[in-house]
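Peer 1: Chains as they are written, first to last, in the working numbering: chain S, 1 to 360; chain V, 1 to 360.
Honestly, the hints are just simulated from the structure, not real lab data.
Everything numeric in this text was worked out from a predicted model, so none of it was measured.
We put the beta carbon where it would ideally sit given N, CA and C, even for glycine.
Just to be clear, a hint being listed does not mean it is correct.
Unchecked claim - The calculated EDC-like cross-link candidates involving lysine to aspartate or glutamate, where the alpha carbons are at most 16 Å apart (straight line), are:
1. Lys318/V to Glu88/S
2. Lys258/S to Asp307/S
3. Lys169/S to Glu229/S
4. Lys159/V to Glu51/V
5. Lys160/S to Asp18/S
6. Lys318/S to Asp69/V
To be verified - Computed list of chain V residues with no C-beta within reach of chain S, every gap over 12 Å:
7. Asp26
8. Thr73
9. Ala114
10. Arg118
11. Gly142
12. His145
13. Arg147
14. Phe155
15. Met206
16. Glu229
17. Glu232
18. Ala310
19. Gly360
Protein chains: 2
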Amino acid sequence: MSTVSIALGERSYDIRIDRGLLGNNDELAGVVQGQQVFVVTDQVVAPLYLEKLLAMLGDKEVYQYILPDGEETKSLENYSAILDKMLEIPCDRTVTVIALGGGVVGDLAGFVAASYQRGVNFIQIPTTLLSQVDSSVGGKTGVNHSRGKNMIGAFYQPKKVLADIDTLKTLDQRQFSAGLAEVIKYGLINDLEFFQWIERNIDLVMAQSPAEMEYIVSRSCQNKAHIVEQDECESGIRALLNLGHTFGHALETATAYKKWLHGEAVAIGMAMAAHLSRLNGWVDQSDCERVSLLLAKAGLPCEPFDDIAADTIMQLMKVDKKVQNGRIRFVLLKALGQAEIVEQPEKAKLLATVAHFARG
Amino acid sequence: MSTVSIALGERSYDIRIDRGLLGNNDELAGVVQGQQVFVVTDQVVAPLYLEKLLAMLGDKEVYQYILPDGEETKSLENYSAILDKMLEIPCDRTVTVIALGGGVVGDLAGFVAASYQRGVNFIQIPTTLLSQVDSSVGGKTGVNHSRGKNMIGAFYQPKKVLADIDTLKTLDQRQFSAGLAEVIKYGLINDLEFFQWIERNIDLVMAQSPAEMEYIVSRSCQNKAHIVEQDECESGIRALLNLGHTFGHALETATAYKKWLHGEAVAIGMAMAAHLSRLNGWVDQSDCERVSLLLAKAGLPCEPFDDIAADTIMQLMKVDKKVQNGRIRFVLLKALGQAEIVEQPEKAKLLATVAHFARG
């Protein structure tokens, strides 16, 4: 059992990380205060875990909203439909919204909780590795727009997060690997020791050994917490967490979120960031190879692809949220375990990087 | 010139109150940081003040969005349309959203600013008395839903508020009176001295004498700030500001926001709250008469109406945001200048109050 405490003043909360949290009634005691509970989940997760959650809610007045699975679900239309449902019931301001599922469910339900009657109680029960190590910390909520990912949303902190690592067993291998991309990211950003630990233990990690699972989830959450606590609303160093994301978001948008999972796009994005860092004279060829090798062992893509034009990627990066005053910001690697924010990298090097990976 | 400072830690900001703020370039210097500015206004206000605002923005890259006038404008549809427009441009995270207009424009543009890329810079230039004394303080933003007012939104603070009292000259008398309802409300809640001052000076106020205008706007903002600073997200005493609002919102919803302006509905709501307070044995008949007399002198309705059934009002109050765990909360008057939150007042007295004002 690990507990990572996120220190954000009056918005502080705990992330509990363990096997068997779903089904342990004590875990929700005290955090569900009102009588009404509105559970948001999806068609894949509901058959697996909804019953266990309902059993934990005893005598509460519980409503459930089951979404289709997939990134397209994270839309303003579904946001609006959930609010309609809550107002139809009607839920009052003491309602607790619980997100049971992966990042899509968490981000969408979180934005609902942030804005229903200007904000109600929110609990996250992430059931994927990606959401346990990423969405559990930091309070980013929101929906996608046809013009870009996460363009509409809010910073809104949950009251508690339950990361039950038993739920990872039901993840397919591809989803599990996608989560590992973010785990590796924390190592690359500012935890070389963790990166090296993953290199050494990648086989146990891929076999989902419980002790290693608990370790990577809690160390990832600690790493993210350390950054978020210094910069809750991403005005400064929190941008480091976007390592691989400027490239990755463009790849996802270009393929309408269909070809790659988010973590896969981030994995390629990290390989691209490493490449650009090398062109900048920071990391060297052998560092780039270590990154690619670990990504590959983690079952992640990091090789060139031939189905997106370099121009398309360049264009899409301009509408990314990380653009500031028309300048594209990247997170690059000074060294492994030492990321840095770079405004407007030299265009020729950026183009060379994109051209190396994409179709010319 | 008055400045009311709202002390909310890192979310602190100033409200400037004076004649001629629109047109004074210094007022926006330093608060519009990025290059892009997205102005939201409406068809009534744009012809009057948009040009003055644009002149203040000099060499910025300015976009404008002109909404239809009226409460129906405050919808999730318009919210979504504004976001579409901003993404089409595309605006980046350094954009400043400026709301130029009354409460509808401020609330809608504020929710856009709160959620565009999870929050961008926001400035309010309220041009109605109601928005100067109410929406300028407290950071409430949001949109209406067919099932109730302000059901979707966020708490989001502006970087600065410019309350140019010259803009009040172009308000029609009815809109001006509607604003006075909230001014009188601050006196009733916890500023008996201000209530008495308004009683003495109501003629100068109704004549919009500039010195009196500056005084009522700044004293109202101070009163509201004093409460909001103690309770930013309305978990406690901020609810006092809802004096007249539980009744008022039900009246607005019952008449589809068409019969009364918000301030008018609040005025009747305050008369109803005074009536219910009297039935509780708190204020006496002469207090109720003082309230009604001042509301009437301010050009506000406070008499019984015959076009809404008492049952309808009772039903609508149940979905109000002020409902907690199924219990309706009211703000009543212990005395003039001393409001108190009451959970679930005695049903017979509540019914008697509603029946006194509405159709049986």
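Peer 1: Next, verify each hint and record whether it holds.
Peer 2: Do the hints match the structure? See the list:
1. Lys318/V to Glu88/S: holds, 12 Å
2. Lys258/S to Asp307/S: Given that 16 Å is the threshold and the Cα spacing comes to 13 Å, the pair holds.
3. Lys169/S to Glu229/S: Not OK: lysine 169/S and glutamate 229/S at ~31 Å, beyond 16 Å, violated.
4. Lys159/V to Glu51/V: violated, 22 Å
5. Lys160/S to Asp18/S: Between lysine 160/S and aspartate 18/S the Cα gap is close to 14 Å, so the pair holds against 16 Å.
6. Lys318/S to Asp69/V: Roughly 34 Å separates the two Cα atoms, so the pair is violated.
7. Asp26: holds, 23 Å
8. Thr73: The claim stands: threonine 73/V keeps its Cβ more than 12 Å from every Cβ of chain S (closest is about 17 Å).
9. Ala114: violated, 7 Å
10. Arg118: Violated, because the least Cβ-Cβ distance between arginine 118/V and chain S comes to about 5 Å, which does not exceed 12 Å.
11. Gly142: violated, 6 Å
12. His145: At about 6 Å from chain S, histidine 145/V fails to clear the 12 Å cut-off, so the statement is violated.
13. Arg147: It is violated; arginine 147/V is separated from chain S by about 4 Å at its closest Cβ, not greater than 12 Å.
14. Phe155: violated, 6 Å
15. Met206: Given a closest Cβ separation of 34 Å, the condition holds.
16. Glu229: Non-interface label stands for glutamate 229/V: nearest chain S Cβ at 14 Å, farther than 12 Å.
17. Glu232: violated, 10 Å
18. Ala310: Fine: 21 Å to the nearest Cβ keeps alanine 310/V off the interface.
19. Gly360: Per Cβ check, glycine 360/V is outside 12 Å of chain S; nearest 26 Å; holds.
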